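Chemist: Hints given; two lone chains; assemble the complex.
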Amino acid sequence: MIKKPLLVLTALMGLSGCALSPTISQSGYYWGNYSHTLYDYKKSPDDKTRTTHIAELNSIIQKSKELNLKVPPGIYAELGMYTIEDGNQAKANEYFNLEIGTYPESKAMINQILKKG
Amino acid sequence: MRILLAMLSMIVIFTSGCAGIQNKVSKGELYPEMYREMPKTILVLPAVNHSTAADAPHLYSSTVAQPLANAGFYVLSTEVTKNFLANEGLFSGEQLSAVPPQKFGEAFGADAVLYVTIEKWDSKYYVLGGNVTVGISYRLKSTKSGSELWVYANEVVLDTSGDSNNSGGLLGAIIATAIKTATQDYVPIARRVNNLALNNIPFGGYHKLYNKDDKTLVVVPKDKLNSKDVQ
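Protein chains in written order, with this note's numbering: chain A, 40 to 156; chain B, 2 to 232.
In case anyone wonders, no lab produced these hints; they're calculated from the structure. In this text, all values refer to a predicted model and were calculated from it rather than measured experimentally. Since no wrong hints were added, every one of them can be taken at face value.
In silico DSS-like cross-links for lysine-lysine, where the CA-CA straight-line distance does not exceed 27 Å: (1) B:Lys-83 <-> B:Lys-41; (2) B:Lys-41 <-> A:Lys-146; (3) A:Lys-109 <-> B:Lys-83; (4) B:Lys-83 <-> A:Lys-82; (5) A:Lys-130 <-> A:Lys-102.
With the rest of the complex left out, here is chain B (with noise of 0.2 Å):
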C-alpha cells in the first residue's frame, strides 16, 4: 500500500512537473495567425545584436536549430543558412532584418523567418554580488502574407553572487563572485531562453502535440522584457 502511494504521488510529481502556475492563456488565443497557417519550414537568420557583447550572434547561432527542431519544425542548419547568405553578400543580421520576409520564400522557399534579436548578454558586477543575463526575443513572421505568426521575448538571469558563509569570508566572497561572474558562459543560459520560448510556441507538424496544443496555456509573454526566471 505504501508503494502504491508513494508510486501515485511521483506520477502526480511527473505529470505536473513540467508546468509552474502563472498567468496564462491557451496559444491558440495569442497565436491564431500560427494555427492558420502552420509554417513547416523555418528558416532562422543569423540574430540581431543590441548587446554590448560583438560575439554574442556569433556565439547564439549554435543553440537555437535544435530546440526549434523538437518543436516540430523543419529548420535548416543555422552554419549551411549562414554560408548560403553569405554567398548572397548577407551576413549580419543587421543586413537582414531589411530584407521583407516574402523575398526568404522566394530564395528559399521557406515558409516562414526567424528573426532573433539578442536583447541582453551582460554581466553586471558589484562589490556584494554579481548577475549574468541574456534576454532574448523572437518574431516569426510569413513568408506568404508576411505577418507575424509567433512574437515572444524573455530572459533568464543567473545570480553569480558568492557565498558570503564560505571559509574566505567576505574578501572570498567578494573574489569568488568576481571570478564567478567573469567566467560564466552564456551560452547555457541563452539554452533556456530558447527553452523557455519553443515551450510557448504552437508546435510543428513533427511533434506528437501538433494541432493539439492549440488549449494549452501557456504564460502570457510580455512586450518588454521585463519577465524574470531568476535561478
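The shape of chain A in the complex, shown without the other chains (with noise of 0.2 Å):
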C-alpha cells in the first residue's frame, strides 16, 4: 500500500520538471557529457580530448535514438565538421544531411557552410 503513493510521488516529482530527470532536457534533449567534453577539449586541444569529445557526440547520438528522442540542434553538423576535418568529406555530407532532415530550418545554414567550407 505503501509503495503506490510513492510511485505516484516520484511520478509528480518528474512532471515538476525541477532538475530531478536531468538526462533530458525541457525541449525534449538528451545532452550527455557534452558541454564538458567540448569544454575539456577547447580547454587542452589534443588529440585524446578531441576524440573523447567526438566519441560524446556518437554517444548523444545513440542513446537519444534509443530513447526516441531528436539529435539535438547542431550535434549533427558539428560531427560533420570533425569529419571534415579528418579528410572524410563524403561522411560529412551524410551528417550535414542528418541535420537538416532533423532540423529543416537549418538548411540555409547549413548549405552556406558547405559553400563556403
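Modeler: Right, here's the structure in full:
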C-alpha cells in the first residue's frame, strides 16, 4: 500500500521538472556530457580530448535514438565538421544531411557552410 | 494520513521550487518584439570580451549552445559557427559586432543573432576572503528588422573565502582562500549565468511552453550588471 503513493510521488516529481530528471531537457533533448567534453577539448586541445568529444557526440546520437528523441540541434553538424577535418567529405555530407533532415530550418545555414567550407 | 501530508508538502515544494519571489514582470511585457517575431534559428556569435581574461570567450563558447537549444531554438554548434566565420575572415567578437544583423540573415539564413559580451571574468583576493565573478550581457537581434528582441545581463559571484574556523586557523584560512580563488573554474559559473538568462527568454518553438509563457513572471533584468546571485 505504501509503495503506490511513492510511485505517484516519484512521477509527480518528474513532471514538475525541477532537475529531477536531468538527462532530458525541457525541449526533449539528451545531451550526455556534451558541454563538458567540449570544454575539455577547448581548454586543452589534443588528440585525447578531441577523440573523447567526438565519442560523446556519437554517444548522444546513439542514446537519443534509443530514447526515441530528436538528436539535439547542431550535434550532427558538429560531427560533420570534425569528419571534414579528418578528410572524409562524403561521410561529412551524410552528417550535414542528417542535420537538415532533423531540423529543416537549418537548411539555409548548413548549405552556406558547405558552400564556403 | 501522514504519508499523504508528506506527499502534499513535497508536491508544493517541487511545484514552487523553480522560482524565487522577487520583483517580477511578465515575459510578454518585457519582450513584446520577441513574441511578434519569434525567431526559430539563432546564430551565436563569438563573445566580445570586456574582461581582462584573454581566454574567456574561447572557454565561454563551450557553454552557450546547449541551454539556448534547451530554451527551444535551433542553434548551430558554436564550433561550426566559429569555423565558418573564420573562413570568412571574421575571427573575433569585436570584428563581428560591427556587422549589422541583417548581413547574418543573408549569409546564414538565421532569424536572429545573439551578441554575447563577457563583462566580468575575474577573481578578487583579499586577506580574509575572495570571490570569482562572471558577468555576461546578451543581445538578441532580428536579422529582418535589426531590432533588439531580447536583452539580458547578469552576473554570478562565487565566494571563495576559506573557512576561518578550520584547523589551520587564520593562516590556514588565508591559504585556503588563496588556493580556492586561484583554482576556481570560471566555466561552471558561466553556465549558471547562462541558465539564469535563458530562464528569462521567451521560449522557442521546440520548448513545451512555446507561446504559452508570455504571462510567466520573470525577474526584471537590470540595465547595469548589479543583479547579484551570491552563492
